[in-house]
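A.B. asks: Residues per chain are reported as follows:
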Amino acid sequence: MPISIKEVICTKEGFTTCASKILAGYRSPYDATVVRKLFDADAILIGKVNMDEFAMGSSTENSSIKLTRNPWNLECVPGGSSGGSAASVSAGECVISLGSDTGGSIRQPASFCGCVGLKPTYGRVSRYGLVAFASSLDQIGPLSRNILDSAVTLSVIGGKDPKDTTSVDLPLPDYLEKIKQGIDDNVPIRIGLPKEYFTEDLNKEIKDLIMKAVQALEKQGAEVVEVSLPHTEFAVATYYIICTAEASANLARFDGVRYGFRHTDSRNIIDMYKRTRSDGFGAEVKRRILLGTYVLSSGYYDAYYLKAQKVRRLITQDFEKAFQKCDVIIGPTSPTPAFRFGEKTQNPLEMYLSDIYTISVNLAALPAISVPCGLTQEGLPVGLQFIGKHFDEEHLLSVAYLYEQNREKDIGFPLL
Amino acid sequence: MEYESVIGMEVHVEINTQSKAFCSCSTNFHAPPNTQVCPVCLGMPGVLPVLNKEFVNKAIAVGLALNCSIAKWSKMDRKNYFYPDLAKNYQISQYDLPLCQNGYLEIEVKGEKKRIRILRAHLEEDTARNTHDLGGGYSGVDFNRSGVPLLEIVTYPDLRSSEEVFVFLTELKQLLEYLGVSDCNMEEGSLRAEANVSVREKGSDALGVKTEIKNVASFSGVVKAIEYEVDRQIQTLQSGGKVIQETRGWDPDRGVTFSQRHKESAHDYRYFPEPDLVPLAVSDKWVEQVRQTMPELPQTRRKRFQEEYGLSLYDASVLTSTKVMADYYEKTVQLGADPKQAANWIQVELQAVLTYENATIENSPITPEHIAQLIALVKDEVISGKIAKEVLRKVFKTGKSPEEIIKEEGLVQITDIEAIRKIVREVIEKNPSQAEQYRSGKDKLFGFFVGQIMRETQGKANPKIVNDILKEELNK
Ligand SMILES: [Zn+2]
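Quick mapping for you: the protein sequence lines, in order, are chains A and B.
Just so we're aligned, residue 1 is where the first sequence starts under the numbering used here, counting upward by one.
Just so we're aligned, residue 1 is where the second sequence starts under the numbering used here, counting upward by one.
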């Protein structure tokens, strides 16, 4: 099974640069747990793939390595941060790619490139060997052309890892087997549509495609209910406080002392730190480190970081309440299809809003999957997001598979 | 105006677990530089910490010994600052939910007992060590110590003199040694004490501005630094000056403290919960399990030695000063030695041999069995006390048992009355004038005869029998 792996996941083979100058030429001395598990299952690594630097971005434009294009339209971005993963799957260069998802970084590029992208429940997959961006949000997951391939991959990479104490010791089902068994006809599937996701902000074309998908599921006997996730509007702000705070500490180790890039022309240790980090990190990474340092600073901690943790709990509770009425939540993966290069780079906030539908899922530690549900008139893929209950990937994948089997038509693959 | 000093202590204890706090590397950091390291303690990209359970067990034991409550829920936090000895540029520590809280340690100074309250004891990891003597304008970092477990014990400002500090540190060190949780070697840095010192008008409740004294390498250094600092602060106030809140170092050569860092330039450590580690849940059962494995603590043992073995406070204190010594003593008594004799032999005779040989009780070949045997041999009058002391020195040198040595060297005491009487008579016959003088009242000469008899018998004659027979024969 040929696979590609995002540059943020450690492999002894090849480089693990996180698409950053500060790790230019860096080779990891060890394999990540997921990599070891895949190799044990006879996977073949065909290459490490591009990404936004340290997984910070939504277009893969923040890479210090190269430009990655969207196979459906070479003028468009592949999404991010796992843009290389999505593009490599979509272009048929590999069957499966491992990406990482902190705020939508698997699902949004999957949606942009017309492939399947699964973000497992936080704790389902070991993070050992995933270079940390935001430790409480990061999760490794597969991107693939169809749901079955992602399901197989999850069965291989999931499970408790003694090296990651945040990974959870729960039985890991054989997802492929379970999905193929299908859903018991006697138990109706209840699908929740969050009213906050279907507002004026949502692109009309995308909205129509999502509604078509919902109808396809209704035809299969699914029951559709409206649910509410009232704290959705605070998700982006909450996310950018928590992820930047954690990132500011996680990225502190890139200092030029032990490995990676070191600025050689410096007067003393402080000067070396400053020059190494100023030259080594790109603009978006620096922006987030500064933000994170700020929100953790004495006098601001309570107003930002602590408040954000409280809102995070409220967002989680929103989902818990919604899941009393439904089994799976459905909505768009991204508010827009793939955009053009440079379209959003000047406005970070607009870029941050491309993750508006995916971020809450990370904050609530839930599993979610993006599945292609059609093309825009311009011929760009659109992703449909399914959100499941904690550690219930089985049901999530089953419902998504039911859709995949019964959707109006397969979008196929880009003609390159 | 009369001043009093107000002192609080922060003690860092290196916990002697097999492996480091968050990885499986050995804690033997004296090995060649950067040999006891792995991706985790080097802070390589992608690694995650796993909390060492033995570390938590030992920390709970210290907490219990310090009468602390053990938190059912605690968590680890990240303390952020940049320094080359800090692999991740943050230290995993505990901020607002420490494992152990609100305890005390009782000390006794000038016959008065006093409780020094413990604010907290929390888990953290040690840093690497920088070396600046590599030449070529470079400094090196040895990461062997990176991630070695540390317990930071913080007291309330309950100490009022350098003497109290000394007693407190001594008691604390003894406790840690008893628990077997640390090597407690200050010179090697396994025990590091920092003092927060301020002065105030005697009787006042207000707290003065404090200074923090860091990087002192010995107990006596801490005591001297505190004494100097208290005097300095009082003089500063008396001459109309103000004490500045700052960190001060200690210069042992000049015997002064000196300013290192002002409060204005103090770090903002930006603590936040460590997202890579799940909260630490400690059940009552877990705490009970640790309690079961704890040895009797020094203060309890001291009291028991007085009651059970009839020892004086002084003897009990000396014998319980280390767990090794106390165990040694009890073993000797269990082997049948008289408790008071054993106390005397261990404190005086054994100690003399060890001092002479520059040895310690741990590395000495003399065992409790040897001591018990010697005491029995003297009691049974097989050898005299004087010979016994010589035998003890020979046990150290040869590692043989006292019985073997006595047998080999024919040191068995002469207790045969007729044999002794024969020697006594010969000595008196050889010294007729001294015998005459003794009989005419010069009692002091009795000692001369004893000496002569002992020389004849190479000290092997039973002194009591010698005394009795000599008196009999001289008075005939
Ligand atoms: Zn290690």
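Please keep in mind that the hints were generated in silico from the structure rather than gathered at the bench.
Cβ atoms here follow ideal geometry from the backbone N, Cα and C, with glycine treated the same way.
Please note: incorrect hints may appear among the correct ones.
Negatives, chain A to chain B, calculated, CB over 10 Å [said to hold, decoys possible]:
(1) Val131
(2) Asp164
(3) Glu246
(4) Asp265
(5) Ile269
Chain A stretches covered by chain B per the calculated footprint, using a threshold of three residues with CB under 8 Å from any CB of chain B [unchecked claim]:
(6) 171-183
(7) 205-219
(8) 288-300
For lysine-lysine, the following DSS-like pairs were computed, each having C-alpha atoms within a straight-line distance of at most 30 Å [what the hints assert, rightly or not]:
(9) Lys12/A x Lys310/A
(10) Lys389/B x Lys422/B
(11) Lys160/A x Lys389/B
(12) Lys160/A x Lys79/B
(13) Lys422/B x Lys160/A
(14) Lys310/A x Lys422/B
(15) Lys163/A x Lys53/B
A.B. asks: Indicate, hint by hint, whether the structure satisfies it.
C.D. replies: Comparing the hints with the structure gives:
1. Val131: violated, 4 Å
2. Asp164: violated, 5 Å
3. Glu246: Violated: least Cβ distance 6 Å, not greater than 10 Å.
4. Asp265: holds, 14 Å
5. Ile269: violated, 6 Å
6. 171-183: Since three or more residues must qualify, the claim that chain B covers the stretch 171-183 of chain A is violated, with 0 doing so at under 8 Å.
7. 205-219: Per the Cβ count (0), the hint is violated.
8. 288-300: Result for this restraint: holds, n = 4.
9. Lys12/A x Lys310/A: Violated, at about 40 Å.
10. Lys389/B x Lys422/B: holds, 27 Å
11. Lys160/A x Lys389/B: violated, 64 Å
12. Lys160/A x Lys79/B: holds, 28 Å
13. Lys422/B x Lys160/A: violated, 89 Å
14. Lys310/A x Lys422/B: With Cα atoms ~100 Å apart, Lys310/A and Lys422/B exceed 30 Å; violated.
15. Lys163/A x Lys53/B: holds, 14 Å
Of the numbered hints given earlier, the model fails hints 1, 2, 3, 5, 6, 7, 9, 11, 13 and 14; all others are met.
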